[in-house]
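Protein chains in written order, with our numbering: chain A, 1 to 85; chain B, 1001 to 1372; chain C, 2001 to 2184.
Be careful, since some hints might not be right.
[Said to hold, decoys possible] In silico DSSO-like pairs for lysine-lysine, Cα to Cα no more than 27 Å straight-line:
#	chain 1	residue 1	chain 2	residue 2
1	B	Lys1210	C	Lys2147
2	B	Lys1180	A	Lys66
3	B	Lys1180	A	Lys81
4	C	Lys2147	C	Lys2159
5	B	Lys1180	A	Lys53
6	C	Lys2143	B	Lys1211
7	B	Lys1210	C	Lys2143
8	C	Lys2025	A	Lys22
9	C	Lys2043	A	Lys53
10	A	Lys85	B	Lys1180
11	B	Lys1033	A	Lys60
12	A	Lys58	B	Lys1033
13	C	Lys2147	B	Lys1123
14	B	Lys1180	A	Lys70
15	B	Lys1248	C	Lys2159
16	C	Lys2127	B	Lys1210
17	C	Lys2127	B	Lys1248
18	C	Lys2043	A	Lys22
19	C	Lys2043	B	Lys1084
20	B	Lys1211	C	Lys2147
21	C	Lys2043	B	Lys1180
22	B	Lys1085	C	Lys2127
23	B	Lys1180	A	Lys58
24	B	Lys1084	C	Lys2147
Note that these hints are calculated values from the structure, not bench results.
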Amino acid sequence: MDELIYTLKQQIIEALNLEDMKPEDIDENATLFGEGLGLDSIDALELIVMMEKNYGIKLKDPTQGKEIFKSVAVMADFIAKNRTK
Amino acid sequence: MIVCVAHNIISPLGSTSAENYAAVKSGKSALRKYEGLWGLPEPFVASLLDRKAYADENHTIDERIVIDSISNALENTKIDVTSKKVLFIISTTKGNVFLLDESENGFPKERVRLGMMARQISKHFGNPNEPIVVSNACISGVCAQIEAMRYLESGEFDYVIVSGVDVQSAFIVSGFQSFKALSPDECKPFDANRQGLNLGDAAATIIYTKKDEVSENEWIACRGAIRNDANHISGPSRVGEGSFRALKVALGDLESEKIAFINAHGTATSYNDEMESIAIERAGLSSIPVNSLKGYYGHTMGAAGVLETILSMQAVDNHNILATRGFDTLGVTHHLDISNQNRTTEKRAFIKLLSGFGGCNAALLMAKGGLQ
Amino acid sequence: MIKHQVYISPSEVLVDGIPLNHNEKDSALLTELYRNHIGDYPKFFKMDTLSKLGFIASELLLNIEGNRDFEPREDRAVIFFNRNASLQADTHYQSTIQNPENFFPSPAAFVYTLPNIVTGEIAIRNKYFGETSFMVIDDYDEKIIMKNLENAFQDPITKSIIGGWVDCSDEEHFEARIYLMEND
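Chain A extracted, bound-state conformation (with noise of 0.2 Å):
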């Protein structure tokens, strides 16, 4: 799990662009919209896209993203429990 955790970071870092960002900078419990790393709507997608394209996972309605983009913890679980590649 820590293995994918921190490809995660690394994953969101460049799929978001978060330039002066290191894997070792995100907290892995603390919310990644708002507050925390101040995501945004567009993020949040590109999230979804990220995704798919490196784990295999549709989401078929963007508003479950809410539950899963809690945290890099609460995507880790989820990415471990439902990936298709």
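Assemble the complex: chain A is given as a structure, and chains B and C must be docked to it using the hints.
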């Protein structure tokens, strides 16, 4: 005063303004479901032109329908388009963007530049001026009319030909799909069950000039404004800031009772329609009838502001407030007077409202015979 | 009427005609300018090159104006012209859909496929509720641009404009030539 001299609409519903108005008034829509078109993995609902009918080895479909639209608008005028006193303003968001696809080889790649596309059009008519392209996202069609008004007020030109166009492609449809902004069915503006927008092909043209005296049957472009939400590049303001401010300037000191209706953007996305309801209430216009024409044409992007202004002028000429096709139950938090039936009006003015990516909003006040 | 001006090319930066020191060129130049003169706006890294260029140029322009209080205002417009619209972003987005075997349309790339996004970025940064507009002409023409900006003062509220030319075809080819204008 800035006067409308002539106009035209080319869409799947017809090739003249009159054909389009008759189709819309009778409730026709060109929205259809397309599966597997352009190699897109997901189906989509759109209002598309028959591409074969506009095949032209010298012009892309965008260029062709703009040329046809301008030619038709010019038909009963005596305007000399080869004059230096005539300016072409083209309103488009994506123009010939389909040329970026590696498999497209029918036209020089440089035609993907909007200015180069516009030159094909002005060159066709032998106009000597550099054409100006307004590319201000979904509000381009109203911005182009505001630019026309300014150029005529300044006295630099005698006539300005404003033509809006966009033609759908894999590029545009997949982009809106990635935004989860498209409705799986025909769109339902302002409705409680709206699920997003549909896209559409169209070209629409209005020719404007400046006159000191006007007759009571002439259409006057009175005031327009463009305002930004200063909030987010893809989501509208939660308080309708830009639309509210644009509406306020367009309304000016006109009593709101003089307005027949507000022709809203009404794309049928959750955020847009909600935002417009807030902006209209903030501007004190909640009691004025509102309609959206997206249920007939989908969102025609660069053409929308021109096309919807023309249909609204025709509606007022016909003492009609066009029905909002697809609407059933109000699904926004602020009161709006909307109907899915045509309604009558004796009033002679309307406001065209638009909003778009980049946080931009535009409003335009049009009045028949001018403001008395 | 013109109060201040900024020029940026891949190898030269002029603020009111005076060269600004820098080490980098091309798009790395824009990042260097961001780090040396702005530095507190991470959204910068999400922008396409056209938006980065317009954003940096406007920041340099507003830094010379001074008094940056970020108070909301409606009387300042942002009006740009260029030749290539959003070509660099368009090409980037097209690459995400070109291959049917690797078809992953990117929403973050798509949003920048409109040239006027740069005007929105500047409005958001500075809380400008005023007019924002983008126009395209196929060749740089100062007369057309100046006449158009002058016309924009016909708006009843607009008193000043950040306007001019902001063009980018790729990370090595761009040019900003923008002005801060006041109606007097």
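To see whether the hints hold, each was checked on the structure:
no., hint, verdict
1, B:Lys1210 with C:Lys2147, "holds (18 Å)"
2, B:Lys1180 with A:Lys66, "holds (14 Å)"
3, B:Lys1180 with A:Lys81, "holds (24 Å)"
4, C:Lys2147 with C:Lys2159, "holds (16 Å)"
5, B:Lys1180 with A:Lys53, "holds (17 Å)"
6, C:Lys2143 with B:Lys1211, "holds (26 Å)"
7, B:Lys1210 with C:Lys2143, "holds (23 Å)"
8, C:Lys2025 with A:Lys22, "holds (25 Å)"
9, C:Lys2043 with A:Lys53, "holds (24 Å)"
10, A:Lys85 with B:Lys1180, "holds (24 Å)"
11, B:Lys1033 with A:Lys60, "holds (19 Å)"
12, A:Lys58 with B:Lys1033, "holds (22 Å)"
13, C:Lys2147 with B:Lys1123, "holds (23 Å)"
14, B:Lys1180 with A:Lys70, "holds (20 Å)"
15, B:Lys1248 with C:Lys2159, "holds (17 Å)"
16, C:Lys2127 with B:Lys1210, "violated (35 Å)"
17, C:Lys2127 with B:Lys1248, "holds (19 Å)"
18, C:Lys2043 with A:Lys22, "holds (16 Å)"
19, C:Lys2043 with B:Lys1084, "violated (44 Å)"
20, B:Lys1211 with C:Lys2147, "holds (22 Å)"
21, C:Lys2043 with B:Lys1180, "holds (22 Å)"
22, B:Lys1085 with C:Lys2127, "violated (38 Å)"
23, B:Lys1180 with A:Lys58, "holds (13 Å)"
24, B:Lys1084 with C:Lys2147, "holds (16 Å)"
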